[in-house]
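Chains as they are written, first to last, in our numbering: chain S, 1 to 313; chain P, 1001 to 1299.
FYI, nobody ran anything at the bench for these hints, they're computed from the structure.
Misleading hints may appear alongside valid ones.
To be verified - So the derived label-pair ranges between C-beta atoms look like this:
no., chain 1, residue 1, chain 2, residue 2, range
1, S, A28, P, D1123, 25 to 33 Å
2, P, R1126, S, W131, 33 to 41 Å
3, S, R310, P, Y1285, 31 to 39 Å
4, P, T1180, S, G309, 50 to 58 Å
Backbone N, C-alpha and C fix where the C-beta goes; we use that ideal spot for every residue, glycine too.
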Amino acid sequence: MKKYLGFLVSVVVLGFALSQFTNSYIQAIFISFLVNAIMALSLNFITGLADQFSLGHAGLMAIGAYTAAVFNKEFMGDNWVMIPVGVLFAAIVAAIAGYLISLPSFRLKGDYLAIVTLGMSEIVRVVLLNWDHVGGPRGYNAIQKFPDFYLSFGFGIFLLTVTFMVMYRLKFSWFGRNLWAINEDDIAAEVMGLNVPQTKRRAFVISSFFAGLGGGFYAHHLGYISPGSFTFLISVQILIAAVLGGLGSLSGSIIAALILTFLPEALRSLPTGVDIRMIIFPILLILMMILRPQGIMGRKELSLSAIIGRLKR
Amino acid sequence: MQEFLQHTLNGLSFGSIYALVALGYTMVYGILSMINFAHSEIYMMGAFAAFYLARFLGLDTPSPMNFTIGLLGGTLIAGIIGFFVEKFAYKPLRNSPKMNVLITAIGVSILFQFGGQIIFGADPKRFPNLIEDQTLFTVIDIQVHLIDVLIYFVSFVSLAVLSFVIYHTQTGRAMRAVSTRPDMTPLMGINNSKIVSTTFMIGSMLAGVAAVLVSIKYPKIDPMMGVKIGTSSFVAAVFGGIGSLHGAVVGGFLLGLGEYYVNGYGGSTYKEAVSFAILILILLYKPTGLFGSTRKEKI
């Protein structure tokens, strides 16, 4: 109980500090950090824990974002109070989509899975581009936003906490151990009596659910989405966050999302005319793969008691 | 009928381009079992190499000589770039898990795309007119252009040279050996890493040939030009059975024809999705493609 109280107090202090001492620009970046962290966690669950390489998370995010936006506007009376319901609904739709994608995909292995998920995400994008009812290439406009920063911050932190806690508990459950076994050697796991395709499918559905959650929150944070917001590059950015933090480390993903959201903003003033992130990220990615392939955290989790224990020694 | 023939002609001409690029994917996959995402960027670099070579040497008048210089220059530079990409990005990862190599390949690809936007500028450039395009002859109201004939001819020659190298030289024999049993070849006195470098160079040179030909036909080049053609060619390679050289060529032609028919008879807005939809269908019903062999995984 004490632990949760401490967490709650620090969140309230953080929210208060952000709203009092920073401007709306920093606040908006912080909210997009929350989105990035949810997406990185979602990808890390399938790619880090189960070693199934997905390049299609932008597509799942797009499904979540469009569902949340359209649902809120057309069925919930365009009202910000109903945003959480819409985001939950979006996550469920994304999970169903993830299930449909996973049905055929896990007959394939390794690289092919990456290609199929990439293909699915491109197909989602092209369909959205041609779907006039949701705006087509013009995008979907005037989505309800939260009226003030506190609500937006609180909801975002809530979503991130739920995502993290669910994944954390799953990681150290029997299900997580199953994923771990598949990660190490799926043939051996199958020999031990594990239903490998089913386990992979379940992991993918859970991952899709949280990708949809992140997408729905993203739509309501920005208030405008278009098919151009969910390209292959977005999938790659999510991947970079997961890899940088350490595949298999959930807290690592959050740290990496924090770095990758704030670092490019600090570099925005450089006069290049091109998105400087897309130069730094790939270099970071290549160097990371060559020098420290396990990422910042490896598979370990950040733990306060371990840090305190090390300091005491 | 006439329309159909025109689409067929265009489809075949683009199909031979796809075949050239798909060969690069399939050769690298055959020898390293990795998807070289950066291949489409080497294609782009080939076009830019020819562009800057032409500007540097002042080749702005159309003539067969200039065409040959541009083609050979672009090809050679693309090969060199492929060699260095392999040396600096992939070689340090030779013994790491497959996923790490794949992630690196994506990194290299994006670095080239956006680095290209900084170095060359993001706006499209006009490729110099290296050869005068003219209608050679007309059969049943179909105009046969010189550039299309050149595309057929150059692709055919490249394929013939490739086939000679792979099936009739020592290096080619070594390449085939490394792709079958990379663990045994060092015992036979083959330097694996040299063979891998050679494979990358040959694949990149084919991409360079394709890039110069396409740039002459559609003289607008920009740093993102590789994405579309890279995707389609990759699909062609998987369609034919990745790792199989014949498969890549057949897959390239079939995909070129398919895309032009879909494009010609409506549905051009869904063009981007078509190749992926084909890909997913192939992977679902025949994951090995047309000519691919099934390799049983051993424990």
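Margin query: Does the beta carbon distance between S:A28 and P:D1123 stay inside 25 to 33 Å, or does it fall outside?
Written below: holds (30 Å)
Checklist line | Status of the given 50 to 58 Å range, CB of S:G309 versus CB of P:T1180 | finding: Holds: the Cβ-Cβ distance is about 53 Å, inside 50 to 58 Å.
Next item on the list: Could you tell me whether the CB distance from P:R1126 to S:W131 stays inside 33 to 41 Å?
Entry: Once the Cβ atoms are compared, 35 Å apart, the range 33 to 41 Å for S:W131 and P:R1126 holds.
Notebook entry, point to check: In this structure, is the beta-carbon distance linking S:R310 and P:Y1285 contained in 31 to 39 Å?
Noted result: violated (55 Å)
In summary, the one numbered hint that this structure violates is 3.
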